[in-house]
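Keeping their order, the protein sequence lines are chains A and B. Residue numbers are given in the numbering used here: position 100 of the first sequence equals residue 100, and the series is strictly consecutive. Residue numbers are given in the numbering used here: position 399 of the second sequence equals residue 399, and the series is strictly consecutive.
Keep in mind that the hints were calculated from the coordinates and are not lab data. None of the hints are false.
Capping the alpha-carbon separation at 27 angstroms, the derived lysine-lysine pairs in DSSO-like fashion look like this:
1. Lys580/B with Lys570/B
2. Lys570/B with Lys605/B
3. Lys4/A with Lys267/B
4. Lys414/B with Lys267/B
5. Lys4/A with Lys414/B
6. Lys473/B with Lys267/B
All values reported here derive from a predicted model rather than from experimental measurement.
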Amino acid sequence: MTRKQRRGVLIGTCLAVLGVAVGLVLYAMRDSIVFFYGPSDVAGMEMAPGQRFRLGGLVEEGSVERGTGTTVRFVVTDGAKTLPVTYTGVLPDLFREGQGVITEGILEPDGVFHADNVLAKHDENYMPPEVAAKLKEQGMWREEKDADGPESKVN
Amino acid sequence: MIAETGHYALILALAVAIVQMVLPVIGTRLRDPQLTAVAVPAAQAEFILIGIAFIALTTAYVTSDFSVLNVWQNSHSAKPLLYKISGVWGNHEGSMVLWVLILALFGAAVATFGTNLPRQLQANVLAVQGSIAVAFLLFIILTSNPFTRLDPAPFDGQGLNPVLQDPALAFHPPFLYAGYVGFSMAFSFAVAALIDGRIDAAWARWVRPWTLAAWMCLTLGIAMGSWWAYYELGWGGFWFWDPVENASFMPWLAGTALLHSALVMEKRDALKVWTILLAIITFSLSLMGTFLVRSGVLTSVHAFAVDPERGVFILGIMAVFIGGAFALFAWRAPLLSQGGLFAPISREGSLVLNNLLLTVACAAVLVGTLYPLALEAVTGEKISVGAPFFNLTFVPLIVPLLIAVPFGPLLAWKRGDLYAAAQRLMVAAIVSLGVMIVTLAIYQKGPWLAPLGIGLGVWLLMGAATEIATRVKLFDASSTESWRRARNLPRAAYGSALAHAGVGLMVIGLVGTTAWRTERIEALSPGGTVDIAGYQLKFEGVAPRQGPNYQERVAVFEVTRNGHPVTELKPSKRAFAVEKSATTEAGIHNSWRGDLYVVLGDELKDGAYSIRIYFNPMVRLIWLGALVMFFGGGVSLSDRRLRVGAPKRAKPKSKTATAAAE
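Let the sequences and hints guide you as you build the complete structure.
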């Protein structure tokens, strides 16, 4: 094989692998990406049946209902709109009423969001940035959380 | 006083780092040996000074000095000593101090043990290391000072996030950082070579041990993080394709590629420009990992503080180093001489394929990690890219590589014989195929790809065995001859075979647990039973218990198998009063078949509890595989030919070893 041919094989292989990779990425981008919405976004749009998305907001005070089984019902709110959610399983440790939450699942035709995943928060004071942004949009953001944060005590 | 000493030491370290960055470069330009030689003591002094700062901070933590803001925010007098110490790096400021400490440690190691390096290269390497230290010390001193005082001092601290109070997590950050920062050595060597405009096989020989050490630490660090997530977060998963996990995984992929391309460069003097580029990319990805984790742009347990100023600062550091290195590369790389020729089917060719697939897979992970950030910045739309994306992109790109791995070491340098390699691998192929069929027969349920995945894992294990068997001429020569060869085989050969076998173990674990995991979610009242994977669990009830700095509710499960008692599992929920937080402690019983994993959920209306039970088959192989990879790296690192400072003395011995190997 001449030097030129060897280089050709090398470049050809690289291009082929890159092409496959780009194809895979584009294909995966179309099908496996999950959008993040607040209850107000959901109310204002047509959702394709069976489309997975993430729903974020605050767990409405007094809305958590535990039955005798393992299914939990609660309501996610962003101040303007609310959306009922059901979830079967063990909730994360810091799931509380009045706290921020992110759930992932499908909106069923009955208007209930069936979550198969409720994301764990790791810190009492920690608000997922997505949720904070949505709450700010709706004017629900309370600054008192920051007011007793460590930073302001020092200054 | 101790805190001020630490602060002062940090500022002195910055001054020394500036000297280390500037003088040696001037020295090499002016060919002034005295100026050049400044690099060595400067690097050592920098390490000592940062060490003093680190010890000062640790002392403040151990003595619970709450007049230091950082200690107050992240510690508490009632915390066990181990977590007082690990609290030092369990927060943003302290973890950055650890970062520069490890950076300085690597620099001091090159200064102290790199006596066989050419003076000029050593000086330039240390200067580049110095410049990284300058950037990060400035970052710490200007935006993240861990020694800020608090007046008046509060009576007690706020405690450490309870999920971080865990032995595996205490050591996860140091190993991860040693990996991240260790790649800075490869980066510094690459930039120094570009400054010099000269590079040869010896360069690769000097870089490889550092890269290997960094790679080992990163492997162990990632494995520890995954192990911790598995048993501490209570989800029974081991890898979530979370952006922060990806941030550590990308440098690992690039670093793995770098290890292999440096091998080509060392042995055959080829792929020079590519190796340099890969060294720059690997460290750039490490920097990006630091940025993603430290800037708070991502939602995760690692985002300690969301402070835009810090994010912008790290972004600036990234821009300077990555941009600068790439500019230097574009300018100087054409000066580097082209290396040796090789046929596409050869050891070099197989290593090129390894590099190609690893870097492209790494790029796919990069796209999946950054795309949501980019999309949000541009359109404001919020999306998440999760496991389905990576399963569709990363897995198809990495599987061909895993299939090809056993061929690589059996091909000769320059021109290999694929047919001969395939013949040698015949036994391995037959065994893998057999295992595949047996697996299919045993587990008729489950995804059809799973038996293929198990076969792939066995193929990797058998491939590693075949490599060693071929090299010692097992069955081809007399047993005494094979034994002699086995003893003379360089340790690097055993190291790479072990590392490849580790990948095989990991693949088996990943496939097994993903395909055949069983999960049950039950509402159980005391006295209730559940059957899962041949085990029967009897729920005895829940009792309170007082821990050192938490209260917990412990559930007790009697586990039996075919009527014989197996064990008692005690999953619990811990409430941490100081941190106003809670954690879930899973109850895990491990056997050779897999892990029985029980999580206690919330109390339901009628006195029942929601209980989540998993059976994760073969899950331990994942971490065992990582350990074997780490161990393989260690065996390779102990090879005399690779040891820094040893090559000269080892020469006569290694010559016979190489001769025996060929």
